[in-house]
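Work out the full structure, taking the sequences as your base and the hints as a guide.
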Amino acid sequence: MDSTDPRCVHARAITTGAAKANRAVLNNLITLYSKSDLRSDAASVFRSIPSPNVVSWTALTSAFSNSPLSFHHFISMLRHPSRILPNSHTLTSLLKTCATLPALTFGAQLHSVAVKLGFSSELFTASALVSLYFKTGLSNNAKKVFDEMSLRDEVCFSSVIVGFAQNYKPMDALSTFIEMRRSGKASTMVSVSGALRAGSDMAMLEQCRIIHGHAMVTGLNLNVIVGSALIDGYGKCGLVGNARGVFDELGMELNIVGWNAMMAGHAQQGEHGSVIELFTLMEERGMVPDEYSFLATLTALYNAGLVEETEIWFKRMTEEYSLEPCLEHYTCLVGALGKAGRLEEAERIALTMPFKPDAALWRVLLSKCAYHVNMDIAWRMSDRLLEINPMDDSAYVILANAYASAGRWDEVREVWKRMKDKKVRKEGGKSWIEALGEVHVFLAGDRRHERTNEIYAKLTELMEEIEKLGYVPVWAEMLHEVEQKEKKKSLWHHSEKLALAFGLLNGTVPPGKALRIVKNLRICRDCHEAFKYISRLVEREIIVRDVNRYHKFLNGSCNCGDQWATGGGYKRRLRDSEYVSPKVLEEIEHEREMLRLADRLGGEMNHMKLSEAKNQFEEKNSAIRQGNDIKKLGQQSLPETTVQALVDSVIWYG
DNA sequence: ATAGGGTTAG
Numbered sequence: 001m002d003s004t005d006p007r008c009v010h011a012r013a014i015t016t017g018a019a020k021a022n023r024a025v026l027n028n029l030i031t032l033y034s035k036s037d038l039r040s041d042a043a044s045v046f047r048s049i050p051s052p053n054v055v056s057w058t059a060l061t062s063a064f065s066n067s068p069l070s071f072h073h074f075i076s077m078l079r080h081p082s083r084i085l086p087n088s089h090t091l092t093s094l095l096k097t098c099a100t101l102p103a104l105t106f107g108a109q110l111h112s113v114a115v116k117l118g119f120s121s122e123l124f125t126a127s128a129l130v131s132l133y134f135k136t137g138l139s140n141n142a143k144k145v146f147d148e149m150s151l152r153d154e155v156c157f158s159s160v161i162v163g164f165a166q167n168y169k170p171m172d173a174l175s176t177f178i179e180m181r182r183s184g185k186a187s188t189m190v191s192v193s194g195a196l197r198a199g200s201d202m203a204m205l206e207q208c209r210i211i212h213g214h215a216m217v218t219g220l221n222l223n224v225i226v227g228s229a230l231i232d233g234y235g236k237c238g239l240v241g242n243a244r245g246v247f248d249e250l251g252m253e254l255n256i257v258g259w260n261a262m263m264a265g266h267a268q269q270g271e272h273g274s275v276i277e278l279f280t281l282m283e284e285r286g287m288v289p290d291e292y293s294f295l296a297t298l299t300a301l302y303n304a305g306l307v308e309e310t311e312i313w314f315k316r317m318t319e320e321y322s323l324e325p326c327l328e329h330y331t332c333l334v335g336a337l338g339k340a341g342r343l344e345e346a347e348r349i350a351l352t353m354p355f356k357p358d359a360a361l362w363r364v365l366l367s368k369c370a371y372h373v374n375m376d377i378a379w380r381m382s383d384r385l386l387e388i389n390p391m392d393d394s395a396y397v398i399l400a401n402a403y404a405s406a407g408r409w410d411e412v413r414e415v416w417k418r419m420k421d422k423k424v425r426k427e428g429g430k431s432w433i434e435a436l437g438e439v440h441v442f443l444a445g446d447r448r449h450e451r452t453n454e455i456y457a458k459l460t461e462l463m464e465e466i467e468k469l470g471y472v473p474v475w476a477e478m479l480h481e482v483e484q485k486e487k488k489k490s491l492w493h494h495s496e497k498l499a500l501a502f503g504l505l506n507g508t509v510p511p512g513k514a515l516r517i518v519k520n521l522r523i524c525r526d527c528h529e530a531f532k533y534i535s536r537l538v539e540r541e542i543i544v545r546d547v548n549r550y551h552k553f554l555n556g557s558c559n560c561g562d563q564w565a566t567g568g569g570y571k572r573r574l575r576d577s578e579y580v581s582p583k584v585l586e587e588i589e590h591e592r593e594m595l596r597l598a599d600r601l602g603g604e605m606n607h608m609k610l611s612e613a614k615n616q617f618e619e620k621n622s623a624i625r626q627g628n629d630i631k632k633l634g635q636q637s638l639p640e641t642t643v644q645a646l647v648d649s650v651i652w653y654g
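Here the first sequence stands for residues 1 to 654, numbered as in UniProt numbering.
No wet-lab data here; the hints were simulated from the structure.
Heads up, the beta-carbon is just placed ideally off N, CA and C, and yes, glycines get one too.
Within a straight-line C-alpha distance of at most 20 Å, the following computed DMTMM-like cross-link-like pairs (lysine to aspartate or glutamate) qualify: (1) Lys116 with Glu640; (2) Lys144 with Glu179; (3) Lys458 with Glu486.
What follows is a set of in silico ranges between Cβ atoms, one per label pair, in the way DEER data are often shown: (4) Ser150 with Lys489: 55 to 61 Å; (5) Thr100 with Val373: 44 to 50 Å; (6) Gly561 with Cys326: 26 to 32 Å; (7) Gly561 with Tyr321: 28 to 34 Å; (8) Arg448 with Gly561: 34 to 40 Å; (9) Asp648 with Asp147: 25 to 31 Å; (10) Thr100 with Glu308: 38 to 44 Å; (11) Asp393 with Cys326: 25 to 31 Å; (12) Met252 with Thr352: 41 to 47 Å.
Pasting the structure below:
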């Protein structure tokens, strides 16, 4: 036994008599044991303390953090005859457990206790509350707690940045990052990786580049977490080469997360060869592939239309690697089987797998039925989709499109009528394009952009030119009775075409640079066809990130090999709140300048400032605490009603 | 003496 072993320290404490004499020594021992993962030893040290104080109790609950057992210890403390009042350390530790489990009901009770005791705006307690609320999806509550804090350090800022990023509010995450930098807080690996995640969730390449630059100046680019986030970010923005640069730079430092992110980057491009290559290399390096590695592999194979390979790798996952496939793995398999026309088999798997199929899975299968025009099964899938969400527009749209491509117009009208009767609205197409650090959003038929006239003129010009090159409009999915001219127009005004025309105007995307478009739905069949021709016409690379994958158009063809009608595997989740308004991007433009300045000045002073601010805050806060209800009434313990509320809510967690 | 934030996917 070496001298740092807690048992050794314990023995010495007993032999020297320190343990008997000093409660603080034993409190320390509890922490020492729990840090070495010896929880039961920690508990027995606690039991040996004749009159445990709040520190002893907090050390005990912390030893059982991330487990509901800590709640029970806390209740025991409150019920203890010596009437011990929790302090901010106690509540902070418990709130962290609530965030990890998660345990919102109990956490909310703790919040009320924190308010009663005057801790709810304290740095540590409030940070833990912020994390708890973000973890449970209550962004507004988290923001409210954050807003009420009078002192903020880099940790609580990073909780908010990461929290917003995890709650699909990338713009809020980025503006919090900017706010943090403006207030002079140093960037950390956590805040930078959070900001990167926010940027990459929107496939905002420029944003990822700026943050990469910032990471390089601060040296955080060599951090494994930031590096993995960079690989992921570049991958999601479609720059696999840049991702690979970071990947190679970090080399042996990277853990499996970084490897999986790299594989995912290739997978989203449909580069299954590179994914398999990395998979092999990973094993040669002694790393054990996990569920994420397999998801990248299955997505790549499935997106490439390799049905048998998808099946083989799915089997390998369970049989050779003893990994449990999750819903997303099954979605790849079901989609692949569906694509091969094995629809009943795919359905059977969906119904017998150990998970309840979600909307995404039924939608994938529905689209495969539509693809094979197997309308009986398609209707069944559509019903299943509507069971999950009666307002799901895709349940109708896919059916209608399938009938339309088979020329069964009566049925098309029937489906549209049904959809209208149920008051289901079709999600409109939206596309955005990044030009000179700004993002421009377009809806189908949008005329709100300030350069609208130029955009429509450019579009007409482009379409007429490619018709000369042999482009034929693809209107298989449109109603036949619409006038030829009208048909053409509505095809021409799809959001992705508007975005592309804008990107080709003078002063938007510089000549020679790829045009990068992101779309909320699948790219439409006609746009896919038109973009192939346009890429040849204008001799530019056009990159479209749709809900399923990347499409890279160059010199008349697309790297998806027209395998665009897929689904499953990785998805890009796009919500209205994620659409970028140029105004916020202006701020980021400022931020770029500010980052440069801040980095030149260096961030050493921040720590000094922080401790100074902390002292001021403590003075102010002790005044607040003296004025609060409980202390004012001279109570030594929490009111019985509060304790009872805590007890009532703890039963939910066993 | 006891306390808060993290990368893959979704």
